[in-house]
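Peer 1: Okay, here's what each chain looks like letter by letter:
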Amino acid sequence: MRDTIIAARGLSKSYRRGSENVHALRATDLSVGKGEFVSIVGPSGSGKSTLLHLLGLLETPSSGRISLQGRETSGLKERDLVKVRRGSIGFVFQQFLLLPTLTVEENIELPLLFSRKSVNKDRIAGIMEMLELTHRARHLPHQLSGGEMQRVSIGRALVNEPRIIMADEPTGNLDTATADKIYSLFKRLNEGGLSLIVVTHNMELAGRADRVIRLRDGQIISD
Amino acid sequence: MNIFSLAAKNLMRRHVRTGLTVAGVAIAIAVLFSLLSFNAGYERQLGGELNSLGIHMLAVPKGCPYEAASLIIHGGVIPKYLSYSDLEQVRKIDGIEIASPMLLHQFFKDDKPHIVYGINIEEQKALKPWWKVEGRYFRDDETGAMVVGRSLAEKENLKVGQVLDFGPGKVPTTIVGILERTGNQDDEFHFLPLAAAQHIFGKEGQLTTIAIKVDDISKISAISKKLEQIPDIQVVTMTQVMGTIMNLVGSAQALLFSVIIIALFISAVGIINTLIMSVNERTREFGMMKAVGASGWDVSRLIVIETLIITLAGCAVGLTVALGGSKLVEGFVRGVIPYSPGGELISIDPFLILVCIGFALAIGLLCSIYPAIRCARLTPMEAMRSDLE
Chain R
1 MRDTIIAARG LSKSYRRGSE NVHALRATDL SVGKGEFVSI VGPSGSGKST
51 LLHLLGLLET PSSGRISLQG RETSGLKERD LVKVRRGSIG FVFQQFLLLP
101 TLTVEENIEL PLLFSRKSVN KDRIAGIMEM LELTHRARHL PHQLSGGEMQ
151 RVSIGRALVN EPRIIMADEP TGNLDTATAD KIYSLFKRLN EGGLSLIVVT
201 HNMELAGRAD RVIRLRDGQI ISD
Chain B
1 MNIFSLAAKN LMRRHVRTGL TVAGVAIAIA VLFSLLSFNA GYERQLGGEL
51 NSLGIHMLAV PKGCPYEAAS LIIHGGVIPK YLSYSDLEQV RKIDGIEIAS
101 PMLLHQFFKD DKPHIVYGIN IEEQKALKPW WKVEGRYFRD DETGAMVVGR
151 SLAEKENLKV GQVLDFGPGK VPTTIVGILE RTGNQDDEFH FLPLAAAQHI
201 FGKEGQLTTI AIKVDDISKI SAISKKLEQI PDIQVVTMTQ VMGTIMNLVG
251 SAQALLFSVI IIALFISAVG IINTLIMSVN ERTREFGMMK AVGASGWDVS
301 RLIVIETLII TLAGCAVGLT VALGGSKLVE GFVRGVIPYS PGGELISIDP
351 FLILVCIGFA LAIGLLCSIY PAIRCARLTP MEAMRSDLE
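Residue numbers (our numbering), protein chains in the order written: chain R, 1 to 223; chain B, 1 to 389.
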C-alpha cells in the first residue's frame, strides 16, 4: 500500500454559464499514492480537466476537501495556495504556454524566479540533457517543434523539484510518435519516483499508466 | 534572468507599440521640463535684469500706467515727459544717492525698432559699475558721439569710429565706444549724451524718466512716498516692475501650463491603453505564471516594472530632447509671451530633472495600478481560461 500524496473527498464544482448552472464535477472521492502514475480519461465535458485543476489547487471547489501530502488545503487563501503549489506540484499544459521572448533555458528557469531560489546551472543543464534539449538551450520557442516545446514545458514543471506532476492533455497538440515519446518521458520520471496525474483523450496512451480513472458527466465511472 | 530582464523582454515583444508609448511619455516630459525650466529661468533672469539696472526705482510722469512704466526700462517709450524742475525736486530729497535723468526715444530702421537712451554718462557708470567699453565713453557735454550695445553692434555690423546719420535731422554721429556684453537689455541700445539726444530728437528740456538709487534700501518706501508728493511724478519700484511683468506673462504661462496638463493627460491615457492591451493579450501567460509559482504580488510587480521601464525610458528621452532642444523651445516661448528678459531663459536645474523623474515614476505607478490589481486578483484558472474583457 502506497502512502497517499493527494486525496479528495466529496469534491464538486459547479458554475454559472449564462442562465444555466453547470455541474462540472459531482461529489468525487479520489486518492493518489506517492509514486503513482494515474491517467484520467473521458469524453469532452466529462469534468476530467476540472478534476485536475481542483487537485492542482488552480481553482477552488464548490464543495469538498483536498489534502496534499497530508495537509488540508480547504480554506487556504490564494497566497497560501501559491506556496503549496510552488513546493509540491509541477504543471504541464496542452498549449505549452511558454514565454515567447525567453529562451528554452530561461523558460525552464522561470519558476525559480517566483520561488526566489537561486539558479543552479548544473541542475538546469541536467534537466535539459534528460529532455534532450541541450542543443536548443539558446533557442526561442518559435524555433522549436511541438514535441520540443512540450519537453520545455515539462522541464519547467520539474525545475522546482515537485512531488507530483499534473499534465492537462499534454499530447493534445502533438502527433502520435511525439506523443508516444512524451509518455515514455513521463514513464521514466515516474520510475524515478515522481507521482503523475495526466488527463488525456488518448486511451492507448492512458493505458501506459499504473491506473486509469474514467469520468463521465462529472463523475468517476471506473477506477 | 530577473524580474527586470523579464519585464524588458516582454516590452520588446511589441516593440513598435512600446516605442510609441515611450515617445508619448517623452513628449509629455519634454514639455513639462522645458516649461518648468523656462518658468524658473524667466523669473531668475527678470530679477537679474532688474538688479542689473543698478537702480531701486523710477520716477515717471504722473498718469503713466504701471504696465507702460515697467516697460520703460526695456526701451518702451511713453508720450509724457518730466522736466528739469522735477529733477531738481527729486535731488532735494534726503536719502537719494543718485537721480539720473534719461530720455528714451524709439525709431525704426528697416522696420526694426531701435531704442536710444539719452543719459548722463558719469551717473550711469556709477549705477552700472560693471560696464566696460571697447573704445571710450562720450563726455556729457559732447555732441556727435555715441556708445552702442554689443548685440546691436554685431547685428548691425557697427565698428568703433563708424559715423551714422542719426535722427530726423540726419546728424552725423560717431560710434566712440561699444559696450562689452552685459547679458541684459543694454546690449541692444544706442546711448547718447542726454543733451545731444534731446537736441537730435527735438525734446529739449524733456525727460522720460529719472532712475533713482537710494543710499539705504530700507528707506525705499519712505522715499517713494516723498517722491509721490511731487505733483508731476509717479514712482515705480523695481519690485512693482517685476510684479507687473509677471502679471503680464501670467496669462501666457497659464496657457502653457494647460498645454502641459493636456499633454500629460494624453500620455497617461496612452500608457493605460497600452498596458491594458498588453495585459489582456497575456492573461493566459499570467495564469501560467501563477500555476508555476508566481503570486499575485509577483504578477503585479511585473506589470508595474514594465510600466516604470516605459515611463522612465520616456523620461530619459524626453529630458534629452528638452535639454538638446532648449534653444528651440526658448525661441518658441519668447514668441508667445508679451515680454521676456535677455540671457538664457531655460536653465538646467538638477532639481527640475528630479521633479520630472519623480513625475514619470508617479505616472507609471498610477497607470499600472488598475491592470496590476485586476490581474493579481485572478485565480490561475480564471486567467488561463478566458481573456480579460
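Hints may contain errors.
Unchecked claim - Derived, one-sided and incomplete: chain B residues facing chain R with beta-carbon distance under 8 Å:
(1) ASN2
(2) ILE3
(3) LEU6
(4) LYS9
(5) ASN10
(6) ARG13
(7) VAL16
(8) ALA126
(9) ARG284
(10) MET288
(11) MET289
(12) ALA294
(13) SER295
(14) GLY296
(15) ASP298
If you are wondering where the hints come from, they were derived from the structure by calculation, not from laboratory data. This structure is a prediction, so every number in the text was calculated from the model and none was measured. Yeah, the Cβ is synthetic: ideal placement off N, Cα and C, and Gly gets one too.
Peer 1: Work down the list of hints and note, for each, if the structure agrees.
Peer 2: Hint check:
no.	hint	result
1	ASN2	7 Å, holds
2	ILE3	7 Å, holds
3	LEU6	7 Å, holds
4	LYS9	4 Å, holds
5	ASN10	6 Å, holds
6	ARG13	5 Å, holds
7	VAL16	15 Å, violated
8	ALA126	72 Å, violated
9	ARG284	6 Å, holds
10	MET288	4 Å, holds
11	MET289	7 Å, holds
12	ALA294	4 Å, holds
13	SER295	5 Å, holds
14	GLY296	7 Å, holds
15	ASP298	5 Å, holds
Hint compliance for this structure: hints 7, 8 are not met, and every other hint is.
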